[in-house]
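Student: Here the structure of chain A is known, so what remains is to put chain B in place on it, guided by the hints.
From first to last, the protein sequence lines stand for chains A and B. So for the first sequence, numbering that gives the first Met the number 0 puts the first residue at 0; every next one is plus one. So for the second sequence, numbering that gives the first Met the number 0 puts the first residue at 0; every next one is plus one.
Since the hints were derived computationally from the structure, they do not count as laboratory data. There could be a bad hint or two in this list.
[Unchecked claim] Have a look at the derived ranges for each label pair, beta carbon to beta carbon:
id: 1; chain 1: A; residue 1: Val299; chain 2: B; residue 2: Asn113; range: 13 to 21 angstroms
id: 2; chain 1: A; residue 1: Ala239; chain 2: B; residue 2: Val136; range: 34 to 42 angstroms
id: 3; chain 1: A; residue 1: Leu38; chain 2: B; residue 2: Tyr49; range: 54 to 62 angstroms
id: 4; chain 1: A; residue 1: Ser278; chain 2: B; residue 2: Ala88; range: 30 to 38 angstroms
[Claimed, not checked] Below, a list of computed lysine-lysine pairs in the BS3-like style, where the Cα atoms sit at most 25 angstroms apart:
id: 5; chain 1: A; residue 1: Lys85; chain 2: A; residue 2: Lys279
id: 6; chain 1: B; residue 1: Lys172; chain 2: B; residue 2: Lys72
id: 7; chain 1: B; residue 1: Lys14; chain 2: B; residue 2: Lys109
id: 8; chain 1: A; residue 1: Lys308; chain 2: B; residue 2: Lys109
id: 9; chain 1: B; residue 1: Lys139; chain 2: A; residue 2: Lys279
Each residue gets a CB set at the ideal place from its N, CA and C atoms; glycine is no exception.
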Amino acid sequence: MTATTTRPTAPVRHPTGPRSRRWWRSGLTAYGYLSPTLLVMLVMMAVPVVMVFAYSTLSNVIIARDTEFVGLDNFVTLLGDPIFRKALGQTGVFTVTSVVLHLVLGLTFAMMLNSGLLPRLASALFRVVFILPWVFTASIVVILWQLLLNPNGVINYVLQTLNLISTRVEWFSNPSLALGTVIFINVWAGYPFFMISLLAGLQGIPSDLYEAAAIDGAGWRHRFLSITIPQLMPIILAMAMLDFIWNLQQFPIIFLATGGGPLNATETISTYTYNLAFSKRQFSMASASGVVLFVISAIVALFYVRHQKARD
Amino acid sequence: MSTTTTRGRSQTAQKVGLWIGLGIGAVFAGFPALWMLLSSIKPNTEIFQYPPTFLPETFTLDAYAGIFASGEKLRFFANSYTVALVVVALTLFAGIMAGYALSRFQFPFKGLVNTVVISVQAVPPITLLIPYFGLVVWLKLYDTLWALILTYMVATIPYAILMMTGYFNTIPKELDEAVKVDGGSSLRALWQVLVPAARPGIVSVGAYTFMVAWNEFLFALSLTQSRSNRTVPVGIQLLMGEHSFQWSEMMAMSVLGSIPVLVLFLFFQRQFVSGMTAGAVKA
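So here's chain A without its partners, still in its complex pose (with noise of 0.2 angstroms):
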């Protein structure tokens, strides 16, 4: 990854003598240099991780009293809890739907940027529009939508007008709707980081590869699927495993939209954690709660870096 190990230290005469005290100065020097951050990491990140693990097999922590130790009943109780099982299955839901379209939107918008078809002007003024709704934080993403989509709001007028609704939907309150509603939030706000890293790989892709399939006869379906695909496919890969892993963790506009409800229609594993530990205080079933989302994410950010360090 880094390229320092090209270079020799030094040159080598005595193996043990000043290398070694030359490397061990020279370890002493960087460890200084990386002081700050590994102290923020040790209190901000190694206690809290161990700490997190270690509340998941007690009663209760932070405001019970008389805490014991319990092993693994939290995670049995949580797994036999119907609520939690629904979170699960809809956060899966959620992701991958989050991640597919996130992709699809993203390809589709960076290839229309790229296409090399419009003019200058307009493709850098496209492109801002494009990347607009990443500006907006999650909180200011959710009010915006709730006031478009409120039942007397001007989504619900243009779709009646177009008579492709006969009343007016409530689509946050309706349990049916409900999660595709959020999803559809969530695509819309996060699509943009797909596009930007995507425009940034068509733009790397040589021409000349086009050119060859062109004087080959090969159609735009031919070429996309053989040289456009296969070219941006590191990064594909990269976005759509970094971006699972974030939808998984996705908190503020599911929480911010629907609360999780109505009646656990939207229930994810972090609005289930973050009610378990701050609306119904069970902070132990919480942190059992939050070491689940931990472990798939840690697995999925497993094979992450592995694909990283496979590339390298």
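Tutor: Just chain B now, kept in the frame of chain A:
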């Protein structure tokens, strides 16, 4: 001859299709933002009209005036700016030094440090929140801006390190070696040679860090309590919950709350894009 006309015709068809696609895309991406802006300059009663009006029938800046007249709402903005700027300063400090160590030094457990830096990004914030709650209370930082600053740095420092290491790796080693040969310390080499040379990278890390800190919601919601310590994302939601009928003022706050990131983006678009891609893909 006939092939060129077919090609010309198919290119025209392609162009028409492209513009239709771009139009749909622009409405999808841009209309909500436009609606936000339009709603912020309508009187609140007009927002409740059905059918809705597109352009405001009555133009008014009352919503904005209301925000600038309210100390409480301005406080949300002051808090957000304070937290974001302190996080940027501390993150750059830690990230530049750690990036220097990873780029220029060999040391024991370097591979491990690298792996940890990459993988901490996968730890879910919601999982960390529960121990943070205990930790922050214990450190007597509950309901202070410091609780937010400390917790945000966990997310921003690893990214800054990845970016800074990458930038330093692109700068020839001979430049800082020269300082050391002249008897300068490694700190001087960093400060006088590498930092100026890596300025675009530093700017992009700073902008990205600001954005992350400005946008954070979960920790800001859970680790502060009093209204005087709320940041913009939480503050907007609080007001929304209390008087959910003040749509125009909510939209005005949303516009004001989005301006910093929008401005950063428009100014540093190029660095932003390359930086984000590098951070995500070459990590």
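Student: Would the pair lysine 308/A and lysine 109/B pass a check requiring their Cα atoms to be no farther apart than 25 angstroms?
Tutor: Holds, because 15 angstroms separates the two Cα atoms, which is no more than 25 angstroms.
Student: Between lysine 139/B and lysine 279/A, is the straight-line Cα distance small enough, at 25 angstroms or below?
Tutor: 23 angstroms, holds
Student: Would the hint linking lysine 85/A and lysine 279/A be met if the CA-CA limit is 25 angstroms?
Tutor: Holds, at about 18 angstroms.
Student: Is lysine 14/B close enough to lysine 109/B, meaning Cα to Cα at most 25 angstroms?
Tutor: 52 angstroms, violated
Student: Please test the hint of 30 to 38 angstroms on the beta carbon pair from serine 278/A and alanine 88/B.
Tutor: 36 angstroms, holds
Student: For the hint 34 to 42 angstroms, verify it against the beta carbon of alanine 239/A and that of valine 136/B.
Tutor: About 38 angstroms separates the Cβ atoms of alanine 239/A and valine 136/B, which means 34 to 42 angstroms holds.
Student: Note whether the CB distance of valine 299/A and asparagine 113/B lies within 13 to 21 angstroms or breaks it.
Tutor: 19 angstroms, holds
Student: Between lysine 172/B and lysine 72/B, does the CA-CA distance stay at or below 25 angstroms?
Tutor: 50 angstroms, violated
Student: Given the range 54 to 62 angstroms, decide if the beta-carbon distance of leucine 38/A to tyrosine 49/B lies inside it.
Tutor: Given a distance of about 57 angstroms, which is inside 54 to 62 angstroms, the answer is holds.
Against the hints set out earlier in the document, violations occur for numbers 6, 7.
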